[in-house]
Amino acid sequence: MPHLEINGKPVEVPAGTNLIEAARRLNIEIPHYCYHPGLAVVGSCRMCQVEVELNGRKSIVVGCNTAAADGMKVFNNTEAIHRIRSGVLEFYLQHHPLDCPICDDAGECDLQNYYLLHGLHDSRVELTEKHHKHKVHDVGPTVVLDSERCVLCSRCARFCREIAGVDELGIFEHGGDSELLNVPGRLLENDYAGNVVDLCPVGALTDKDFRFRRRVWYLKRTPSVCTGCSRGCNIYVDWETSRSYKNPQRRIQRLKPRYNRGVNEWWICDRGRYGYHAVDAENRLTAPRTKSDGESEATVDGVLDRAAEKIKAALAKHGPKSVAVIASSSSSNEDLFLLKRLFADELKVHSLDVTLSGEPKGKEDEILMKADVSPNRRGAVEIGVQPWGGGGVAGDDIVASALDGDYEVLIVVHHDLTRMLSQKERNRLGQNCDYILYLGTHENGMCHLADDVIPIAMWAERDATYTNFQGRVQRTWRPFEPRGEALCEWRVWQELGKRLGHSLPAESVAGVFDSIGTVVASFKGLTWEGLPANGIMLTGVSEPAYRKVQSSHPLPAY
Amino acid sequence: MTSSNGTRLLSRNFALPGQANLDTALKRGAYEMLKRALKMKPEEVTTVVKASGLRGHGGAGFSAGMKWGFVPKDVFPRYVCVNADESEPGTCKDRLILEYDPHLLIEGALICAWAVQAERIYIYVRGEYFYPTRIVQRAIDEARAKGFVGENILGSGWSCHVHLGTGAGQYICGEETGLIESLEGKKGWPRLKPPFYPAAVGLWGKPTIVNNVETLAFVPRIIEIGAEKFLSYGTPKAGGPTLFSLSGSVNRPGVYELPTGVPLKTLIYDCGGGIKDGRRLKAVIPGGSSSHILTAEECENLKMDFESVVAAGSMLGSAAVMVIDETVSIPRLMVWMTRFYAHESCGQCTPCREGTGWLLRLATRILEGRGRRRDLDDLYELAENIDGKTICALGQAVAWPTKSYITKFRHEFEALIQE
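Protein sequences appear in the order of chains S and W.
Residue 527 in numbering that gives the first Met the number 0 sits at position 528 of the first sequence, with consecutive numbering throughout.
Residue 215 in numbering that gives the first Met the number 0 sits at position 216 of the second sequence, with consecutive numbering throughout.
Because the hints were derived from the structure by calculation, they are not lab data.
Note that the coordinates shown come from a computational prediction; the quantities given were computed from them, not determined experimentally.
Among these hints, one or two may not hold up.
[To be verified] Restricting the straight-line Cα-Cα distance to at most 30 Å, the calculated cross-link-like pairs of lysine-lysine (DSSO-like) are: (1) S:K547 to W:K186; (2) W:K402 to S:K129; (3) W:K264 to W:K228; (4) W:K192 to S:K72; (5) S:K547 to W:K34; (6) W:K34 to W:K205; (7) W:K186 to W:K205; (8) S:K129 to S:K255; (9) S:K134 to W:K186; (10) W:K192 to S:K8; (11) S:K129 to W:K228; (12) W:K264 to S:K57; (13) S:K57 to W:K275; (14) S:K132 to W:K145; (15) S:K547 to S:K360; (16) W:K407 to W:K302; (17) W:K192 to S:K57; (18) W:K38 to W:K302; (19) W:K34 to W:K192; (20) W:K186 to S:K132; (21) S:K547 to W:K185; (22) W:K275 to W:K407; (23) W:K205 to S:K547; (24) W:K34 to W:K281; (25) W:K72 to W:K192; (26) S:K134 to W:K228.
[Unchecked claim] Derived contacts from chain W toward chain S, CB cut-off under 10 Å, selection only: (27) A59; (28) L381; (29) Q417.
[Stated by the list, open to error] Restraint ranges, calculated between C-beta atoms of paired labels, are given here: (30) W:Q417 to S:K219: 29 to 39 Å; (31) W:A295 to S:R123: 28 to 38 Å; (32) S:H133 to W:F61: 53 to 63 Å.
Backbone N, C-alpha and C define an ideal beta-carbon position, used for all residues, glycine too.
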């Protein structure tokens, strides 16, 4: 492990670490455009030049392509370095448009940031001398290119080739005419296209979904976990609610990947990136509903009271066999734990399950996307939300039995059974089940079929934990309150438990999680306070071997 | 071709008819030195070449034998690339070898391949060299048919294939790593260093010797006359003669083979027949357009070897000597030079991509009489901001001449600035 000094501060780094990464450990930023830790080193931007002294010899090198060496002294702040960077920046700004006030990247633009650090020179270029290239150029369905802003760092082109394994973007022409464009006949339409916007150090590539919506300095950032599939990519939720006149219905402005070496590294897929629209979709359920006679307006308390009565009556009359629960692997660990405590442990209901064969499936690839679109199936398995005891009935059979009228009470979470049933079957289910309670987030067929409906908070509206397919427990942070009267699922079970005379463990999500840690073997020792930002493996499950997130057929560096 | 004072070592067969044909060339001893080299141990060949003082004639002047010695042990396959992407303005010597004695080049490349135990030779010819390309391809085919190229060469048990590749018209593909990228079928963008030497990591990541045409064409002659004799044709630090491409304001421009270290005056006045129309010498560009310009005074006693030219403040480069008389405008020369580099910049790294065009704009503005007083300082500063800050040497190839033109002929620029 080489020991070196950067700006006089000592640091020890693993052999092979480059100077940019070594400096990062000391919170020293060596400016760069083309370098990205997840992509091949090309050394073309020339911003990361630093002075290096080794064995008494001084030289100027690029930080990205120089490995830290024992006894090396690196200087990132000398007058010579400042002059070099200022010179390089001037070359970048020579033809760069003066459009920061209307550029989406303003505020998070490395050209702006580095100019403030190393530039601050007056322009020596006449406006009439500026080159003109493609403006508002559609490179694909989700991304727009402004070629004049492009600094030709080639990160986007390298991402497409090395990570997504497709040849969709390239740099064409040569010298001063060089321009980033689509590879002829190809659009930027791979499943990971949105990442090129994150990679772009300037405002050349912008996201059609985000551009012109908010200045980035109004955004607030909350770490979270994508619930789009069972991988659970780490993300940031960039949100803003105070300037509601811009778009009252939209609280989340965009999602950005959050680095997690063991899960998603620096990337997320477009399915996850744009999936957040569901949170503020127009068809969100924001109030409870009921079919009950004589009630003009449904209240959550009213629905809960009725549900408790119905369950009580069914249990008293026909025993636990007359109640069935179809839970969901989209629910959090806390939701499923309380559900299991209430129905299996306290009420002895045997027929509960999370899995239905008709559940929607997504695309699966070897990069990030998993076919299982629910974020917590592993959690459901570990917590034991499944049929148990002698008479337990599994998911599909619960539906079949419900059609046959075997249950007095059927509780369904998230699953839209109506999509798996014919019209005739739907009618039969309505007739043959005495009482159906549906917990959901969006308007769907179940809202009409069920006797009572309780609106549930979505992932961005709550603190929760999910267990991904690897067995990694990861938590979300709540940026804002649930919409309307929606409430967290675990609160429904807690309230229902109270009404049924069973006191469930806790009053807070942290408390619920901590009791999972005392009860469920694979969660043993895990505590809410002890959850690291990048998740923690279940007890007894070892961290999977490191695997670089990339296509199995990467193309060579650009 | 005329050489009043020359040693005709490499070029001795240039003027003889039919030398490009194998049958004729064989009568004059072609491939005899390959036979001799194949009887030597590969390391012996490298040792002889090292001792001969042969230095690269492509521009950098690096010791050829030393370069061959950089090939790491036990890493195979290995390749030899012949750099025939001759594009430096003023340079036209490799073309003669390709056209008039292609078998000498193939023989030299084969001896090099034997010395480094390479299994393939790629001759990378400049895209615009349509005619030389055809001649070299025919020569390769003839040599293959006669068993000098291919499997089990001359019964030695050693096999080496020769392929010809052509560029698509980019100066930068003459940079050795740009050449390798181009050969690999990619855009000819020079590679980031380190790794510094293709001899260690080259074509397809394997050890690769990239040598200039002239350098390799000298190799059979070294085997023929021996290292000591070869050394005596040059200076102790640079053995053998050099092909000088003489152009500009001289009466007899052309390629002259002269001992390395010959006085510049001999080249200009004896070989070139003096300055055109009896004009006065103003300046000389001694090593291709990338080298610093030298004033007439600086050229007075200049000897044309690597060290002497460097000591005079320039470089021997590809030994393309451009003679500039008193009627030539240096600002015009600057526009011509910067236009070339702005056009040939590959666009990979920022200072060169953005800087060359800017230099051209400023130089043009001054030449057209629209210059401002500060433009000269700006030109110098921009050249300074390019110099040494780039991935390959094209950055300094434009920065060095720019700085030298402004420093040495500032009055000519100032005369054009009206303001």
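**Item:** Cβ separation of W:Q417 and S:K219, checked against the hinted range 29 to 39 Å
**Value:** Given range 29 to 39 Å: violated, Cβ gap about 57 Å.
**Asked** If you draw a straight line from the CA of W:K275 to the CA of W:K407, is it 30 Å or shorter?
**Response** 23 Å, holds
**Request:** Below or equal to 30 Å on CA atoms is what counts here, so check S:K547 against W:K185.
**Result:** 25 Å, holds
**Item:** Restraint status (C-alpha distance of W:K264 to S:K57 at most 30 Å)
**Value:** Judged against 30 Å, a Cα distance of about 40 Å means the pair is violated.
**Request:** Measure nothing beyond the straight line between the CA atoms of W:K186 and S:K132; if it is 30 Å or shorter, mark the hint as holding.
**Result:** Holds, because 21 Å separates the two Cα atoms, which is no more than 30 Å.
**Holds or violated: W:K186 to W:K205, with C-alpha atoms at most 30 Å apart** = Between W:K186 and W:K205 the Cα gap is close to 19 Å, so the pair holds against 30 Å.
**Request:** Given the hint that S:K547 pairs with W:K34, test it: the Cα-Cα distance must not exceed 30 Å.
**Result:** With a Cα-Cα distance of about 52 Å, the restraint between S:K547 and W:K34 is violated, given a limit of 30 Å.
**Item:** Satisfaction of hint between W:K281 and W:K34, Cα-Cα up to 30 Å
**Value:** Judged against 30 Å, a Cα distance of about 49 Å means the pair is violated.
**S:H133 versus W:F61 beta-carbon gap, inside 53 to 63 Å or not** = Violated, at about 43 Å.
**Request:** With a cut-off of 10 Å on the beta carbons, see whether W:L381 makes it to chain S.
**Result:** Status holds, d = 8 Å.
**Message:** Please verify whether W:K407 and W:K302 have alpha carbons no more than 30 Å apart.
**Reply:** 20 Å, holds
**Item:** Given hint S:K72 paired with W:K192 - CA-CA distance at most 30 Å
**Value:** 20 Å, holds
Checked against the numbered hints above, the structure breaks hints 5, 8, 11, 12, 13, 14, 18, 19, 24, 26, 27, 29, 30 and 32 and satisfies the rest.
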